[in-house]
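Take 23 as the starting number for the sequence shown in the numbering used here and just add one per residue.
Possibly wrong hints are sitting among the right ones.
Cut-off 20 angstroms, straight-line C-alpha distance, at most; resulting in silico cross-link-like pairs (SDA-like, lysine to any residue) [said to hold, decoys possible]: (1) Lys77 x Glu58; (2) Lys70 x Val86; (3) Lys70 x Ser84; (4) Lys99 x Val41; (5) Lys47 x Ser84; (6) Lys47 x Glu90; (7) Lys99 x Gly59; (8) Lys99 x Tyr46; (9) Lys70 x Glu90; (10) Lys47 x Thr69; (11) Lys99 x Ser84; (12) Lys47 x Gly109; (13) Lys100 x Val44; (14) Lys70 x Glu54; (15) Lys77 x Val105; (16) Lys70 x Leu50; (17) Lys77 x Gln114; (18) Lys47 x Lys100; (19) Lys99 x Gly109; (20) Lys100 x His79.
No wet-lab data here; the hints were simulated from the structure.
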Amino acid sequence: MGLFSRLFGGAKEQPKVEVEPVEYKGYLIYQEALSEGGQYRIAGRITKQFDDETKTHRFIRSDVLPSENDANEFMLKKAQMFVDQMGDNIFQ
Numbered sequence: 023m024g025l026f027s028r029l030f031g032g033a034k035e036q037p038k039v040e041v042e043p044v045e046y047k048g049y050l051i052y053q054e055a056l057s058e059g060g061q062y063r064i065a066g067r068i069t070k071q072f073d074d075e076t077k078t079h080r081f082i083r084s085d086v087l088p089s090e091n092d093a094n095e096f097m098l099k100k101a102q103m104f105v106d107q108m109g110d111n112i113f114q
């Protein structure tokens, strides 16, 4: 199957890029826009360390934007608003 994928332009695996988190009120926000049909879907993770465990909330929004940078900036603003509204209840 690998030969046919290469010949007919099958999906190529993207290298994993390490995302630098943004710290906000004790939470780490990872901006991870998803490439989708020439646009970028707003997506990311919010994490927080609790004693001996790290909790993670992953989200993907229905919004798509033309640039990866715009999608990541919008995600950061949404994540900050979510933290302000929900606090530690994010992880319930």
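Verification of the supplied hints:
1. Lys77 x Glu58: 27 angstroms, violated
2. Lys70 x Val86: 26 angstroms, violated
3. Lys70 x Ser84: 24 angstroms, violated
4. Lys99 x Val41: 17 angstroms, holds
5. Lys47 x Ser84: 26 angstroms, violated
6. Lys47 x Glu90: 25 angstroms, violated
7. Lys99 x Gly59: 24 angstroms, violated
8. Lys99 x Tyr46: 11 angstroms, holds
9. Lys70 x Glu90: 25 angstroms, violated
10. Lys47 x Thr69: 11 angstroms, holds
11. Lys99 x Ser84: Since the Cα atoms of Lys99 and Ser84 sit roughly 15 angstroms apart, the hinted pair holds (cutoff 20 angstroms).
12. Lys47 x Gly109: 9 angstroms, holds
13. Lys100 x Val44: 13 angstroms, holds
14. Lys70 x Glu54: It holds: about 17 angstroms lies between the C-alpha atoms, which stays within 20 angstroms.
15. Lys77 x Val105: Roughly 14 angstroms between the alpha carbons, so the hint for Lys77 and Val105 holds.
16. Lys70 x Leu50: With a Cα-Cα distance of about 6 angstroms, the restraint between Lys70 and Leu50 holds, given a limit of 20 angstroms.
17. Lys77 x Gln114: Holds - the C-alpha atoms of Gln114 and Lys77 are around 10 angstroms apart, at most 20 angstroms.
18. Lys47 x Lys100: 14 angstroms, holds
19. Lys99 x Gly109: Holds: Lys99 and Gly109 sit about 15 angstroms apart, inside 20 angstroms.
20. Lys100 x His79: Given pair Lys100, His79 holds - Cα atoms ~13 angstroms apart, limit 20 angstroms.
Comparing the model with each numbered hint stated earlier shows that hints 1, 2, 3, 5, 6, 7, 9 do not hold.
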